[in-house]
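**Q** Given chain H's structure and the hints, the job is docking chain X onto it.
Each protein sequence line maps, in turn, to chains H and X. Numbering that gives the first Met the number 0 applies: residue 0 is where the first sequence begins, and numbers increase by one. Numbering that gives the first Met the number 0 applies: residue 0 is where the second sequence begins, and numbers increase by one.
What the hints contain is simulated information worked out from the structure, not anything from laboratory work. Please read all numbers here as calculations on a predicted model, not as lab measurements. Worth double-checking, as some hints may not be accurate.
[Unchecked claim] Pairs of lysine to aspartate or glutamate, EDC-like flavour, derived with a Cα cap of 20 Å:
#, chain 1, residue 1, chain 2, residue 2
1, X, K390, H, D30
2, H, K62, X, E383
3, H, K5, X, E177
4, X, K444, H, D10
5, X, K40, X, D28
6, H, K62, X, E387
7, H, K5, X, D29
8, X, K435, H, D10
9, X, K40, H, D6
10, H, K83, X, E421
11, H, K68, X, D29
12, X, K502, X, D411
13, H, K111, X, D29
14, X, K361, X, E383
15, X, K435, H, D80
16, X, K426, H, E82
17, H, K5, X, E441
18, X, K426, H, D80
19, H, K85, H, D10
20, X, K379, H, E82
21, H, K5, X, D28
22, H, K5, X, E37
23, H, K5, X, E383
24, H, K5, X, D250
25, H, K111, H, E46
26, H, K5, X, E443
27, X, K151, X, D411
28, H, K106, X, D411
29, X, K390, H, D6
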Amino acid sequence: MAVVAKDGYVDIVRDRIENFHGNQLVFVGWDDHLLFSAAQAFPLPPEMPFQALISDAMASVFKDHPDFKKIDWSTVQWVVDGEKFKPKMDKSLRENGVGHKSLIRFKTPGLKGINGTRL
Amino acid sequence: MAAKRLNLRKRYELLTRGMGWETTYQKMDDVFPYDTFEGIKITDWDKWEDPFRLTMDAYWKFQAEKERKLYAVIDSFAQNNGQTNLADASYLSAIKLFITGVTPIEYAAHRGFAHLGRHFRGDGARIACQMQAIDELRHQQTQVHTISHYNKHFDGLHDPFHQFDRVWYLSVPKAFSEDALSAGPFEFITSISFAFEYVLTNLLFVPFMSGAAYNGDMATVTFGFSAQSDESRHMTLGLEIIKFMLEQHEDNLPIVQRWMDKHFWRAYRLLALVATMQDYMLTNSPMSWKEAWDVYFVENGGALFEDLSRYGLRMPKYHELATAEADHISHQVWSVFCSLGNATGFHTFLPTEEKMAWLSEKYPDTFDKYYRPRFEYWAKQQAEGTFEFQKGLPLICQVCQVPMVFTEVQTDPMQISYRVTEHGGDKYHFCSDGCKDIFEHEPEKYVQAWLPVHQIYQGNCGGATIPEVLEWYKFTPEDVGNYIGSRDHARWQEWKGDAAVDKTGSDV
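For reference, chain X alone in the conformation it holds in the complex:
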């Protein structure tokens, strides 16, 4: 007699709950030593609702199919010289920032979820984390494979993982992921799965992938789509873990709320890089950072927190400030990159007249008033041949590690926002109350921050001069500086011949 075929739910249960057991030779607390010290109380792991409902065999088949499609597109992109169909070679600055700043976070997420996949006591949660660990590794790998095609033709794409550990602006994503990785498992998953992937991931993926489509980058669009179905599963896990913690014990609420406040702010500060990519680095921008923020955070995020309010969770602290800053941050961060473009691993460029008209339209309250004048001034200097990159190194926020460029947008947008505190007799500087609060809650953690500027001055970064530090970063002279006049630019002109029309401002 043929065995009765099990339904998916039953099979999933057998593959997860059925694989676990109550240990007897060793105490459960010794086998799972990490899932209690954070103070999260779990009374019944069996109440965990499996968010993925995907068995391992189905998972492998599904992922393998996606891989086949992706690699077919990558092959045809390479064979057809797809790089020549980009809107402009300056667009690749966004890809350079992505491969050095985002891809290594995928790998860090892989490490974190692999740890959780071993150390959560609940078998259901363990399996979900194991699958996500594989997803994250796959994302890192497919991004490297896709973008390696551009590495054959353009500068600045050759050493993303080396650079992630060293470069001044890449300490922002590195510090973000290491903050989560060095926390306990529940805080890690709140940070990555909920604050980053549930609340904020659309702000990264949607503009980035549609940005790629708008700029003729079909390779990136394809890995984006290939990752997207994974991302939706990850979002489900993010929501499930929050609900699970809040349903398990009322004492969990204040802990979860504090993590939510912290990691929302951490992730949001990291996204300043994405805002900049979206508004300035994309040749053609599908939507502005502010529009994306309004849709994905103010509307969708607002609805999400309304839904979660039944558990007592409120909106993350300082979300109003983040919304007020949406009119400013991309302009502020691109300004600092332009003024330090001799030390960025991607080419910088000033916005064209056309781009500035778009920015004025998208930012009617702020662009012309606060930001257009600096780009016009720099453009004039460049036309006159007097432009120079800034010679000093900036003061960096102790927590988010972004140079302290953010301003008092609610009172005086031309005044830098300075915050400071003292700990152990030393002063620590912050860009915002959000970052200051994070420090003051766990000062022992953030006094250890590896701040790139301070490390240069301590003599730990290859030398005291800019060329020595850049060499230690593995930035070649061709990687850095203005786009116009760069090797990428020359190559693009050669390919395009008479059809070459520069899509960036800035002249050297």
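Next comes chain H alone, as it looks inside the complex:
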């Protein structure tokens, strides 16, 4: 549907990728770890290797959780934009199909938050 407006309606896409100075937005949510009340937003270069997404971006926030250092990354289950996904760690976000404003969710088998509370 279109906006019902009196005159011609001009829409400005406020979050076009061009507005992020070479970065794209990537959202990352850690399932079963609700101490982080929401998924986290990161501005990252599309050329960033997936490995660096983990070691730089994700670690910068999630490392404060005691489960983070226990993660066995080979068993992590990834979902990108609703699809199951196996990242190629040395390939870039773009090559992995992680686009502007993609939502990455990850589950860490065996790790269910503080005392198994999913926090």
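**A** What follows is chain X alone, placed relative to chain H:
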């Protein structure tokens, strides 16, 4: 011979209908260019039933009397150092959120009604909107005057209007009011007068004002009472406009229903802040959010919609979800504030044992199971000195602009509710089907949303670091962070001396 005195109804008619005329030099459509494009069909503006029945002279007298009383109370509150009679200085976090988040909405409502007061074709509706425009301006003003007393003694109250336009969580009320303001006049009035003021206003005013009374804040109680008689008039206007639109033409029903669905959800999402205020920020809470929701929405709202069903209007979409969420939202939103308390313009604090016992009692199905563990964990961390505020910035809903903290309460309350859609090749994320539906109906409107986190990353908010952004918000280092250890806390202890007993958890 003395002129015959007119009765009130007649005088009102002369003052409203009698003041309007059918224009001849210019076409009526050119004089009133805004009241047709939304598709609402009005066949006879004279069928408008005046909801206020208050003439301007009576209105001025009535309001002036209320002002005199209010300002007398404010003066005596100041002279008697009324701030020292609060239940606790941590209570002021609620007032800080109110002055930055609610007072500017009053001003936005003033602007909207002033526009309608010029642009509705019907003179009766115009006069009603003019009066409401003055009311809203008065509310904004009396709130600023009342709360300015606290500004002399406490942090975080100094720049509400500057902050309303910039701060991450204040984009929630700002986006709500600008959504309505940027719509046509009929949608604006449906949003503000009906969805917000008629259906949901009691959820804001009753708990907030009785909350103030429970916490020794007589200044706020007084402006609340002073505004209350206006609010009842506003509710009458809300109901009248809905009935008027529905009675005027059957084609109006689907449009009104869609606005009802949309603005109910918009207003409800905004009230998540109020729920949080009520359950967590008030030192003594008169009633829980869930109790208030059950009384004011489930019972009273249910009766209202039953009454409106004769016009074909049904309950707003997703109201069942809102009722299911009543057990959760205050805990979820307070959690995000506590974890980002280094960037809130009010002090955050963990609930005390006593508060948690109250929450367990009020939320027997959810608090102990889902929420107590996180507060206890954070309390343990704070006791050990290992607590840290969260370092990242959250994903925000494109429509309501609340960080996406809401969960799948009907299926799995520990699973965040994620919704997404694509438009013009870009992805847009939402907290709920309600917000997603709103976007999909008018994507061109919401692609323009000024989402605070994205704006920070675009470099539009003073800098890339938290201190730079906080400075751009005009948050001082004293405004933010935990209550205990804050300047407000120190001042309170100094006033209270040996009688100082902390009413919050959290330690630094």
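**Q** Looking back at the numbered hints, which does the structure fail to meet, lowest number first?
**A** The structure breaks hints 11, 12, 13, 14, 19, 20, 23, 25, 27 and 29; every other hint is satisfied.
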